[in-house]
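A.B. asks: Here is how the chains run, residue by residue.
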Amino acid sequence: MTQVGTSPAAVLSDAARLGTKMLTGGRLLHEMRDADVQIATTPKDLVWSQDKVSLFHFRPLAEKRVNVPVLICYGLIGRWTMTDLQEDRSLVRNLLNLGLDLYVVDWGNPSRADRYQTLADYILGYLGGCVAEIMKRAGVPKVNLLGVCEGGVFTTAYAALEPERVNTLTLTITPIDFHADTVEDRLGHGFINIWTRSLSPEDVDRLIDANGNLPGEFMGAIFNQMSPMRSLLKYNFDLLEIADDEQRLMNWLRMEKWIADRPDHPGEAAKQWMKDLYQQNKLVQNQWELDGRRVDLGNIRMPVLNVYANDDHIIPPATSRALGPKLGTSDYTELALPGGHIGVFVGGRSQALFAPAVASFAQQHDLTVA
Amino acid sequence: MNPFDYSKAVTDFWTAQGQALMRAQEQAGAALAQGMKAATSGKFPMQPEMPGDLSAGATELANASKSVMELWSAAAAVCGKLATAVPTTAGGDEVVEATFRKIVDPRSWIGGTGELDDVLGRMAEGPRFADLWEAERRYAGVLQAWMNVRRRGLEHNAVVLQAWLQASRRFTEQLAGRSASDTKLDAKTALALWTETANRQLLESQRSEPFLQSQAAMIRATTALRMAQQELVEHFGKQYGFPTRTELDDVHRTVTELRRELRALRREQQMPALVAAQPASSQPLAASAESSASSAGSSGSSAAWSEPSTAPSASSAEPLAAPAAPSKPSARSPKPQPAASKQSSASAEPSRAARPARRPSANNRGTHT
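Chains as they are written, first to last, in the working numbering: chain A, 19 to 388; chain B, 124 to 492.
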């Protein structure tokens, strides 16, 4: 069997290094408290709420350079806090530093009592309420929308149904053609697309009916399946690798905190998400309906910036890039960022690219005020 | 411990454990089926209509157990081989070796990728069975659903184990290849190789029809069990005057519909104010953004707005990265990209498909949005 010979001195040295690492890591973990691990720390104010939904307005960090406010809209899977994970890896801070007037919608923690909330409730109801509130507060006739993942689908649908209220539409890692995972068919990419199609519509109905909502931990398990070996190494080998580096350990714990925050996805909305979109792919075919209104992507005539990640294993690039030909505008720009689904927000290289592109896009299409 | 002793101990242990587990599964299934058969034969009063033949379910459960047992034995044997493959010189990285031993342990193979099984199990195994004979039909329904969950779980585990075994075979072949070429391998390299090999095999397996079908069957089984349990609990709830899940759902549906109507009414009320805030005509840039925002009263703003300009403003920040040439559509792509779109690629690195396989990227943390 293949083996490596090592001198006694090297053995002692390795053992000492390992012992020091474990001791240091143990001390750090012992001294840390959950309260020490803070995410989404950029100062903000609650300016509107309805039911469990809250609209926050971030306090400015620089002189305002864009008149039309930007509303960040995350999906119901996960939470927007990913966009403000830590000070030096924060889309929110980067945008504020570039002079944007920034809002974010938080969907709260849906419980079983919310199982009958539909995507129309979230898009036309709550998101529409947020847009109206921002228009009123800022005295603007329309806002800039920045949708992320499922939230990108929300903003896309809203822009198609209420185009007169949307100044620009920026999408980030957003699926539009839910069957385009087959375009590249990369191993380990697009598993949710494949998995959802392996179920029948009746399976989805029963899954939701039995549980009321789509449990956050269930989706967490599906996501973990996409990186099978990580679950075996994450809390032993990976953790030990960084255990003695306080900064890296804190970064790791921040990510853990975000991952642990897995709200349940309201049941009826989850049925629509899985059946209408993942299974039947209605959005890209202009066949999706919300409250009896057809979502026609051709109605999106405002400028669109579509940001995707080259190595996104959850939302394969082709599923996002399918948007272009469907729009009713030629003012369409794609921005490919390095890294994966989460790397867009926390990756070192994307920090210098993502926020400047969004800010520049908003500035180029800004409105003048009297 | 001598590596060969270690591997033998692991093999023996897991073989014994596996056999005991499967025997227990078979016996439990058979005993439950016999018990229910006795119940339906008239030994208990007030026998309602019973579900289908439970003994048939027990047989299927036993068959599934047998399949998994055979795989389990193979897995245990492979585990022993893999354990000896770990570099064991005293100078090896003990943590890496310990990690390696742990992840070639068949228990972690089931448990590691069986997280969904665990979640589904917890979702299904809510209330405990109650020993109330008047609820026997529902009780038997729960029992039948439970046996089906166990059966589907075993069938899915068999598919998962197959993937691990295949990964083990690939890994062993790679090790043999390195030995033949006299390439030295330390523990860290062995761990990286195993991780890469197993990850690729598991990802391939997850896209296979057997995996997807067995997982879907497991989801169906667990949802059926949960529904059967809810029916049983609702039966008791009604008897004791407790509110049931169905009643609560009715209330929640009503509340949601009322909220919806309320939102629509509010929107109608707010609409005139928003319409009043629309500009009558465009005006040039005047006040600062802050002053315009603060001047916007609750009933709307006196600010007037022009239509968006497509030209960059004078204070425009950096432009987007230089447009790159549109990428050539894949031969398998049904949809060519639009000629009109502007493509701005900020990525200079080659796609992962063009690079050698490696451990999952830190960017792909199995997280989601």
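Hints listed in this document are in silico derivations from the structure and should not be mistaken for laboratory results.
Check each hint, because a few of them may be wrong.
To be verified - Straight-line C-alpha distance at most 25 Å; calculated PhoX-like pairs for lysine-lysine:
| # | chain 1 | residue 1 | chain 2 | residue 2 |
| --- | --- | --- | --- | --- |
| 1 | A | LYS252 | A | LYS70 |
| 2 | B | LYS311 | A | LYS252 |
| 3 | B | LYS311 | A | LYS39 |
| 4 | A | LYS62 | A | LYS39 |
| 5 | A | LYS300 | A | LYS39 |
A.B. asks: Each hint needs a verdict: does it hold in this structure or not?
C.D. replies: Verification of the hints:
Restraint check for LYS252/A and LYS70/A: not satisfied, since their Cα atoms lie roughly 33 Å apart, outside the 25 Å limit. Taken as a hint, the LYS311/B and LYS252/A pair is honoured in the structure, with Cα atoms around 15 Å apart against an allowance of 25 Å. Distance hint between LYS311/B and LYS39/A is fulfilled; the C-alpha atoms sit about 17 Å from each other, no more than 25 Å. Between the alpha carbons of LYS62/A and LYS39/A the distance comes to roughly 38 Å, so the proposed pair goes past 25 Å and is violated.
Among the hinted pairs, LYS300/A with LYS39/A is inconsistent with the structure: their alpha-carbon atoms are about 53 Å apart, more than 25 Å.
In this structure, the hints that do not hold are numbers 1, 4, 5, in rising order.
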